[in-house]
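A.B. asks: Residue-level listing of the chains:
Number of protein chains: 4
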Amino acid sequence: MQPITTKLVTQTIVERPAESYKGNYGRVLLIGGNQNFGGAIIMAATAATYSGAGLVTVATDPQNFASLHARLPEAMVMDYHQTDYLLELLAGMDVIVIGPGLGTDTFAEQLLGTVLNAACAPQRLVIDGSALTLLAAHPRPLPDLPIVVTPHQMEWQRLSGLKISDQTPTANHKAQQALGVIAVVKAHHTTIYTNEKIWFNPGGTPAMATGGMGDTLAGMVGGFAGQFTNFTAAILSAVYLHSAIADDLAATRYVVLPHQISALIPKYMHDFSVADPDEA
Amino acid sequence: MQPITTKLVTQTIVERPAESYKGNYGRVLLIGGNQNFGGAIIMAATAATYSGAGLVTVATDPQNFASLHARLPEAMVMDYHQTDYLLELLAGMDVIVIGPGLGTDTFAEQLLGTVLNAACAPQRLVIDGSALTLLAAHPRPLPDLPIVVTPHQMEWQRLSGLKISDQTPTANHKAQQALGVIAVVKAHHTTIYTNEKIWFNPGGTPAMATGGMGDTLAGMVGGFAGQFTNFTAAILSAVYLHSAIADDLAATRYVVLPHQISALIPKYMHDFSVADPDEA
Amino acid sequence: MQPITTKLVTQTIVERPAESYKGNYGRVLLIGGNQNFGGAIIMAATAATYSGAGLVTVATDPQNFASLHARLPEAMVMDYHQTDYLLELLAGMDVIVIGPGLGTDTFAEQLLGTVLNAACAPQRLVIDGSALTLLAAHPRPLPDLPIVVTPHQMEWQRLSGLKISDQTPTANHKAQQALGVIAVVKAHHTTIYTNEKIWFNPGGTPAMATGGMGDTLAGMVGGFAGQFTNFTAAILSAVYLHSAIADDLAATRYVVLPHQISALIPKYMHDFSVADPDEA
Amino acid sequence: MQPITTKLVTQTIVERPAESYKGNYGRVLLIGGNQNFGGAIIMAATAATYSGAGLVTVATDPQNFASLHARLPEAMVMDYHQTDYLLELLAGMDVIVIGPGLGTDTFAEQLLGTVLNAACAPQRLVIDGSALTLLAAHPRPLPDLPIVVTPHQMEWQRLSGLKISDQTPTANHKAQQALGVIAVVKAHHTTIYTNEKIWFNPGGTPAMATGGMGDTLAGMVGGFAGQFTNFTAAILSAVYLHSAIADDLAATRYVVLPHQISALIPKYMHDFSVADPDEA
Numbered sequence: 001m002q003p004i005t006t007k008l009v010t011q012t013i014v015e016r017p018a019e020s021y022k023g024n025y026g027r028v029l030l031i032g033g034n035q036n037f038g039g040a041i042i043m044a045a046t047a048a049t050y051s052g053a054g055l056v057t058v059a060t061d062p063q064n065f066a067s068l069h070a071r072l073p074e075a076m077v078m079d080y081h082q083t084d085y086l087l088e089l090l091a092g093m094d095v096i097v098i099g100p101g102l103g104t105d106t107f108a109e110q111l112l113g114t115v116l117n118a119a120c121a122p123q124r125l126v127i128d129g130s131a132l133t134l135l136a137a138h139p140r141p142l143p144d145l146p147i148v149v150t151p152h153q154m155e156w157q158r159l160s161g162l163k164i165s166d167q168t169p170t171a172n173h174k175a176q177q178a179l180g181v182i183a184v185v186k187a188h189h190t191t192i193y194t195n196e197k198i199w200f201n202p203g204g205t206p207a208m209a210t211g212g213m214g215d216t217l218a219g220m221v222g223g224f225a226g227q228f229t230n231f232t233a234a235i236l237s238a239v240y241l242h243s244a245i246a247d248d249l250a251a252t253r254y255v256v257l258p259h260q261i262s263a264l265i266p267k268y269m270h271d272f273s274v275a276d277p278d279e280a
Numbered sequence: 001m002q003p004i005t006t007k008l009v010t011q012t013i014v015e016r017p018a019e020s021y022k023g024n025y026g027r028v029l030l031i032g033g034n035q036n037f038g039g040a041i042i043m044a045a046t047a048a049t050y051s052g053a054g055l056v057t058v059a060t061d062p063q064n065f066a067s068l069h070a071r072l073p074e075a076m077v078m079d080y081h082q083t084d085y086l087l088e089l090l091a092g093m094d095v096i097v098i099g100p101g102l103g104t105d106t107f108a109e110q111l112l113g114t115v116l117n118a119a120c121a122p123q124r125l126v127i128d129g130s131a132l133t134l135l136a137a138h139p140r141p142l143p144d145l146p147i148v149v150t151p152h153q154m155e156w157q158r159l160s161g162l163k164i165s166d167q168t169p170t171a172n173h174k175a176q177q178a179l180g181v182i183a184v185v186k187a188h189h190t191t192i193y194t195n196e197k198i199w200f201n202p203g204g205t206p207a208m209a210t211g212g213m214g215d216t217l218a219g220m221v222g223g224f225a226g227q228f229t230n231f232t233a234a235i236l237s238a239v240y241l242h243s244a245i246a247d248d249l250a251a252t253r254y255v256v257l258p259h260q261i262s263a264l265i266p267k268y269m270h271d272f273s274v275a276d277p278d279e280a
Numbered sequence: 001m002q003p004i005t006t007k008l009v010t011q012t013i014v015e016r017p018a019e020s021y022k023g024n025y026g027r028v029l030l031i032g033g034n035q036n037f038g039g040a041i042i043m044a045a046t047a048a049t050y051s052g053a054g055l056v057t058v059a060t061d062p063q064n065f066a067s068l069h070a071r072l073p074e075a076m077v078m079d080y081h082q083t084d085y086l087l088e089l090l091a092g093m094d095v096i097v098i099g100p101g102l103g104t105d106t107f108a109e110q111l112l113g114t115v116l117n118a119a120c121a122p123q124r125l126v127i128d129g130s131a132l133t134l135l136a137a138h139p140r141p142l143p144d145l146p147i148v149v150t151p152h153q154m155e156w157q158r159l160s161g162l163k164i165s166d167q168t169p170t171a172n173h174k175a176q177q178a179l180g181v182i183a184v185v186k187a188h189h190t191t192i193y194t195n196e197k198i199w200f201n202p203g204g205t206p207a208m209a210t211g212g213m214g215d216t217l218a219g220m221v222g223g224f225a226g227q228f229t230n231f232t233a234a235i236l237s238a239v240y241l242h243s244a245i246a247d248d249l250a251a252t253r254y255v256v257l258p259h260q261i262s263a264l265i266p267k268y269m270h271d272f273s274v275a276d277p278d279e280a
Numbered sequence: 001m002q003p004i005t006t007k008l009v010t011q012t013i014v015e016r017p018a019e020s021y022k023g024n025y026g027r028v029l030l031i032g033g034n035q036n037f038g039g040a041i042i043m044a045a046t047a048a049t050y051s052g053a054g055l056v057t058v059a060t061d062p063q064n065f066a067s068l069h070a071r072l073p074e075a076m077v078m079d080y081h082q083t084d085y086l087l088e089l090l091a092g093m094d095v096i097v098i099g100p101g102l103g104t105d106t107f108a109e110q111l112l113g114t115v116l117n118a119a120c121a122p123q124r125l126v127i128d129g130s131a132l133t134l135l136a137a138h139p140r141p142l143p144d145l146p147i148v149v150t151p152h153q154m155e156w157q158r159l160s161g162l163k164i165s166d167q168t169p170t171a172n173h174k175a176q177q178a179l180g181v182i183a184v185v186k187a188h189h190t191t192i193y194t195n196e197k198i199w200f201n202p203g204g205t206p207a208m209a210t211g212g213m214g215d216t217l218a219g220m221v222g223g224f225a226g227q228f229t230n231f232t233a234a235i236l237s238a239v240y241l242h243s244a245i246a247d248d249l250a251a252t253r254y255v256v257l258p259h260q261i262s263a264l265i266p267k268y269m270h271d272f273s274v275a276d277p278d279e280a
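Protein chains in written order, with the UniProt record's numbering: chain A, 1 to 280; chain B, 1 to 280; chain C, 1 to 280; chain D, 1 to 280.
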């Protein structure tokens, strides 16, 4: 296992060229948030926006529009029941994040199917939360594009068939190879499995053990994936910064709330973007 | 009467073990918030979340979903009219808080009955606000599980039959013994009655004399009860910190608003968690 | 004309007695906020709450419930179309503020009539904004209780019949005597007319020349009137602090937004409450 | 090309006279925000309000009322489907901003037509976002009043017919002269075309490359146009400060969010208003 290093993150979060436009930083579509779990997609979209995504659109239940805009006017919204409009929008996206607060009912299952059928390279796909539970319950072939799944250990158990006690790096890596997508297995020290390698994240604190932390990570991964060319490096950098921010906040807090992490992403990205990689 | 000490709080709020997950910190269900008193359940849920509850779900009138999520995306929501879904969720909860903003109409009375019938050990139950008024008006046997009631003096009068002028520690203790549940009687110096003992809270300030302060305490009690093994110590620690934060804020404020207390809970819990209990 | 002095404010905002409860600090009902002007009642209720009102209830169009609670969970809400419930609540109130964002349609006119008929001593009444325009258009006898009107100069013209250019202190005082209520005539330096005296407010800045500033003052007047025995002193102190806060904010801001004033009320009230009146 | 200078901004943002009222600082109507792009009009209205506009009204889809008020109680709202009421309000406005989040459907097209027909001198008009796309698709004569268009390069391509690669200052100026309105062409260094001159904005950072930045500028232009006599100087000052704030924020942030700029407008306007123009 190889640790994610400060150097890797510093090399990934490059300074933005002066002549650049929001279109250069990723059109990110986040899909989720049913009538019970609207907060999840709000937190994911917040993280994507504060990660510097150029344009963020949220496909969700209309019930969540008012609260989303009250917290995040920077995002656009659409009713995720409008399949035709969703497909039209989806075609123009660089990154799709599906799962936070999506739920696991029939509609959610159908929506996931629609999205998996429509997404195509070079789009990048982040599958999180309820979407992973759905995938485990209704296995289906995944489309041929860069995909990352971000399960916590119980979701990984459902997806990989590995009981939590059997989730060793070697077993996880084998399961990841079978799936054929990058896997971020969230735990105290999160491990990341790519076709080539196993990474682990040095950071993490039990102050992060609260609802919404995973939704925030999924949004960050989506935001980073829209900006940085190397998909693996983008994912690893998002994982690293997510816990680096939490670790710093936990120095003075017993529990760290997800939105507090998002608020600090722009500052941390700045600090890493100007650091000397060889110093790091 | 025994004062709640810094040492007791410090011993209660233990440092979190590194290997731990949101499931370790309590699934807390808060029930309340009708069409007139939605703010009460928002404040209670905010306090529970900032107290470190692992997962917070709010059962309330759908009218309150947007404002709740606008303030607190970390919480999940459900329509408290959906009894079947409520019972399904309730079965998986560690702590139930019922009462903030619940109101006292027929629906509220029935909902309270449903919850009291369904809750069972080792779940913990916090009964606050309107639910206490309902209990006083429609006495019913309480289920056999750890329960705490958090009345202010007028609610305690209704519940115990003791006029405010007759609410001496001895009389209160007798009434608590008859009820068989822990009683937090809120006043300038709040007193707490358990089967074994009478405690009093050294803190408290008239700057707290504003609507929502009790809802915030109920949420904190719920949040602490989901994390700390000793139920009595959890309750006492929540009472203590609630007023300790208010006292500090009141050093520079004529009135302290409930949400300002919640915002500081993570910091105060941290400070108490790392303090040396013998120094305290 | 007599200036409102720091000493008067310091003597009015007394330290709260330790043994006191939210019921001691005023039940304040704010009525206003139609489908177009909902922000006005939100700002007024915010000011009343941050002024230390014990319990704040807002009677408004239901459209405004979500945004009100998103900003101010501390307030309770009711649909101002429910006349019976409104009258029931109104009977238990200490202070009624009517007008911010009320509008001037037939419903507003009828609601104002209902409230003026129902209010009775020792309740205190603050009439502001649209309610003043309605009163001017449909003159009616005012009930016999402590009343303050808070017009800006154009509203005062409508109410008193005095053109702005004719609004001299003497003419204003004569008009106030005819009305028989305290009048706060808002201008660069606001003047306040009571049966006995003419006061002027030394503070005020053109940075306050923005929508919502008057709604905020009305809320502060309501909040202060619920706490401080001397009605005139409560009004004068609210006027004074409202502009004192704005003046301080304007030292570094070209425009001061109403909600920024409300956020600082608790701090300013504290500072005045602990100041030595003879030093002031 | 002439740079916008600190001196120009300092001379434009004059200190407010003590005797002045909200009516002196502009009645600004912002029109936009459909069911998908509500955040855009929220951000524009926020910028206008924080720029010191005396009275801000937002004509938008009612779906956006709650989120708008949750963020900005200072603004008034109206349903933009109510044409008669819109026209009545519009007649009393000093500045009209149309476009942010308006969308490009038939309703939007008709609404734009209604507004262009109704607006008349000395009103000032800011045309932004979707409204520019509509104008390009359905060319129509513009009314004879002070107008500014604020396209980004792709919108300017649609409006002027100039491909982005052909958007040289000379070509842009020729296109602007044909249109007959002031044109703010947004880019890394924004250029501004008036009948007399070409200006360029020295500031700007790629940290601004995120959704909503243009909506915020449109709102600032509207706010400034309501306060400062010289229309061109008002526009140039808004463009200058918008990026000056962003540049300062970007010193510590990888991405700057639009609402963060708005929050700082009052401070920056203050600093420029008190600076010595000859020192600047």
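Treat the hints with care, since some could be wrong.
One copy or two, it doesn't matter: identical chains are merged, so the pair holds either way.
Claimed, not checked - With a straight-line Cα cutoff of 35 Å, these simulated DSBU-like cross-link-like pairs (lysine-lysine) come out: (1) Lys22 with Lys174; (2) Lys174 with Lys163; (3) Lys197 with Lys163; (4) Lys197 with Lys174; (5) Lys163 with Lys22; (6) Lys7 with Lys163; (7) Lys267 with Lys22; (8) Lys267 with Lys197; (9) Lys22 with Lys7; (10) Lys7 with Lys197; (11) Lys7 with Lys267; (12) Lys174 with Lys7; (13) Lys197 with Lys22.
To be clear, the hints were calculated from the coordinates, so they are not data collected in a lab.
A.B. asks: Compare the structure with each hint and give your call.
C.D. replies: Evaluated hints:
1. Lys22 with Lys174: Between copies only: 27 Å across, 39 Å inside.
2. Lys174 with Lys163: within (14 Å within a copy, 51 Å between copies)
3. Lys197 with Lys163: Answer is within; shortest intra-copy Cα gap is 22 Å, inter-copy 46 Å.
4. Lys197 with Lys174: within (11 Å within a copy, 57 Å between copies)
5. Lys163 with Lys22: between (43 Å within a copy, 18 Å between copies)
6. Lys7 with Lys163: within (34 Å within a copy, 41 Å between copies)
7. Lys267 with Lys22: both (19 Å within a copy, 27 Å between copies)
8. Lys267 with Lys197: within (30 Å within a copy, 39 Å between copies)
9. Lys22 with Lys7: both (26 Å within a copy, 30 Å between copies)
10. Lys7 with Lys197: within (17 Å within a copy, 48 Å between copies)
11. Lys7 with Lys267: both (17 Å within a copy, 31 Å between copies)
12. Lys174 with Lys7: within (28 Å within a copy, 50 Å between copies)
13. Lys197 with Lys22: both (33 Å within a copy, 28 Å between copies)
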